[in-house]
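**Q** Given only the sequences and the hints, what does the whole structure look like? Please build it.
Protein sequence lines, in the order shown, are assigned to chains A and B.
Residues in the first sequence are numbered consecutively from 1, following our numbering.
Residues in the second sequence are numbered consecutively from 1, following our numbering.
Where hints are given, some of them may not hold.
One side of the interface only, derived from the structure: several residues of chain B facing chain A at Cβ under 10 Å [said to hold, decoys possible]:
id, residue
1, Gln-195
2, His-218
3, Gly-221
4, Arg-224
5, Ala-245
6, Ser-262
7, Glu-280
Calculated lysine-lysine pairs in the DSSO-like style (CA-CA distance at most 30 Å, straight line) [said to hold, decoys possible]:
id, chain 1, residue 1, chain 2, residue 2
8, B, Lys-257, A, Lys-145
9, A, Lys-145, A, Lys-37
10, A, Lys-142, B, Lys-257
11, B, Lys-257, A, Lys-206
12, A, Lys-142, A, Lys-37
13, A, Lys-37, A, Lys-206
14, A, Lys-142, A, Lys-127
15, B, Lys-88, B, Lys-138
Some chain B residues flagged as far from chain A (calculated, every beta-carbon gap over 12 Å) [said to hold, decoys possible]:
id, residue
16, Val-33
17, Gly-46
18, Ile-70
19, Ala-74
20, Pro-328
Derived from the structure by calculation, the hints contain no laboratory data.
Don't be surprised by glycine CBs; every beta carbon is placed ideally from N, CA and C.
So you can see what is in the structure, the chains are spelled out below.
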Amino acid sequence: MTQAQETALEIRGLRTEFRIGGQWYPAVRDLSLSVAKNETLAIVGESGSGKSVTALSILRLLPQAGARIGAGEIRFDGRNLAQLSEREMSDVRGNSIAMIFQEPMTSLNPTMTVGEQIAEAITIHRKVSRAEAMAEALHLLKEVKIPSAESRLHDYPHQFSGGMRQRVMIAMALACRPKVLLADEPTTALDVTIQAQVLMQLDELKEAYGMSVLFITHNLGVVAQIADRVAVMYAGEIVELAAVDALFAQPTHPYTEALLRAMPRVDRATENLEPIPGGVPAVTAMPPGCAYAPRCPYRQPSCEKDRPELVPLDDTGHLVRCPVRLAKGRG
Amino acid sequence: MTIGAGNGSLEVRNLTKHFTIGGGLFGPERKIVRAVNDVSFTIPKGTSLGLVGESGCGKSTVARSLLRLIEPDAGSVIFDGTDVRAAKGKALRQLRRRMQIVFQDPYSSLNPRRTIRQALEEPLRVHGLGSGKEISEKAEAAIAEVGLSKEVIDRYPHEFSGGQRQRIGIARALVLDPELIVADEPVSALDVSVQAQILRLLENLRERRGLSFLFVSHDLGVVRHFCDRVCVMYLGRIVEQGVTAEVLDRPLHPYTKLLRDSSPVPDPTARLTLTKILGEVPSPADPPPGCTFHPRCPRAAGRCMTAIPALEHGPGRKAACYYPERWPDLQTAEAAV
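**A** Structure representation (structure tokens):
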């Protein structure tokens, strides 16, 4: 990460809570990160790590009842999104911050042609005529390389394949030239050859539009393909944050290391796949100390009492939430 | 009805399955989907064969055809010398006891209103294997074998996590002491750490019980880890088969290479640079003529557009391609097989 780059989005101390049985429990705890202009930051973690809740918190798409942002700031464009009114927020959504989801079919309207849907996104945020919006929609479909875009503009979502639907979603997200794109597992439902196409396309579009991308995924292989920097989340916290090369060359948090060892690889034989014993603690039963301690082979007595801080490993911006590993690293 | 040597292997020859879609009074035009075309492979006892390919390539149809959960149209399936397709009544029940299936999503394959004990005991009762007490003990032993505690056996499926449900799905396949397990994407719905737990469990079972596996997956990493041999499918046909590491390290068929190169690896220095991944898998209802991969193939020429290449026999390796990839060291590798 070059320090001189301007920050597009900054989250400070985010705490997102859900109400379960009359009590508020944090699903995301003390989360701070920033995404620079033109940068792809990947958030990687398993089910229940809080990665999607983070994205939904940024756009305030959490359910109205039973969920709240308990603390923290989401700085974007000189404002704190956490404190905007719903009206101001709907001006941000799909406009300067856009989002794409895992399953494009459930996010597209089956009763409207894709052209109408993309044009709708444009007319909501910009004062243009319907014809102009349709022309722009056609341009966007060409931009995301949908073959014979002129005729497909008038097709319905069910007439598209999964990969093409995801491209339509991307075209719609790009409609208002967003500064930040939140991509929540956008390639998880796609076949690998289509995934590779979509990943490369997202990277090209990021450059072309000068966007920042917050890319949420559970797949470390995808992270290595697309990210500039990576935040590894576990049980609602960032446990490691580093430039992509540093993270894979020197995975430091025991959880990051364990994830890499549990993943079978296509390019080499993995004789010993090491499963991580146990499971992620429930949001209602977080241990008082390090959340990963119950599964960690390097656990010390202090890990079970004190909650560790996210601290720098070196001066490259590599942060790790593990005092045991840090002590070892500094020798 | 015994055919050939009953050596515990599964032999599939020229398996074919076509579906009809459309037709009807107001429906779209009637079309034939050639889901599985002329698929042949052998799984020797105690080994695992991977079946890989993208959505719609027919891999799940093959898996289900073996157990006759889908009736194949043509071809033969011989398990331990017995013709599965010709089996009826008692002989078929016997075969089904010896060949079991594990599905991708165990939650949708478990009845939410029945306890785990009921789910595990039912197959034993159906096959009349033992007294009530023996059946109960057998179910408890199976649940312990997959790494769950016996106390959970009287709970309902919704009380378990995804990984635990998959263990239950495996336990249900195990209670009948099968010899072959057909696993259809058994770890695809699971997180990486849980996936590794289930893969390790399957490996242990394979060693301990000498099980054979047909392992269907879209994840080449998982297949490389678990399977001795692999068949790569594209639009209903096997385009390449061989020893898994050989096929992935030195793919002969351009599709195998594309599939491998598209699979992301956790290494930022090995980023995909291929810009030539073209197009998508065509509809199996309307496949292109000749080699069905030719519209996406960088090497396609001449006869690829008109004739379907045969899956050619080599020592330990087969590929259906007129212009396969060349590997200078492949000859020695083949000699080693």
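**Q** Against which earlier hints does the structure fall short, listed by number upward?
**A** Failing hints: none at all.
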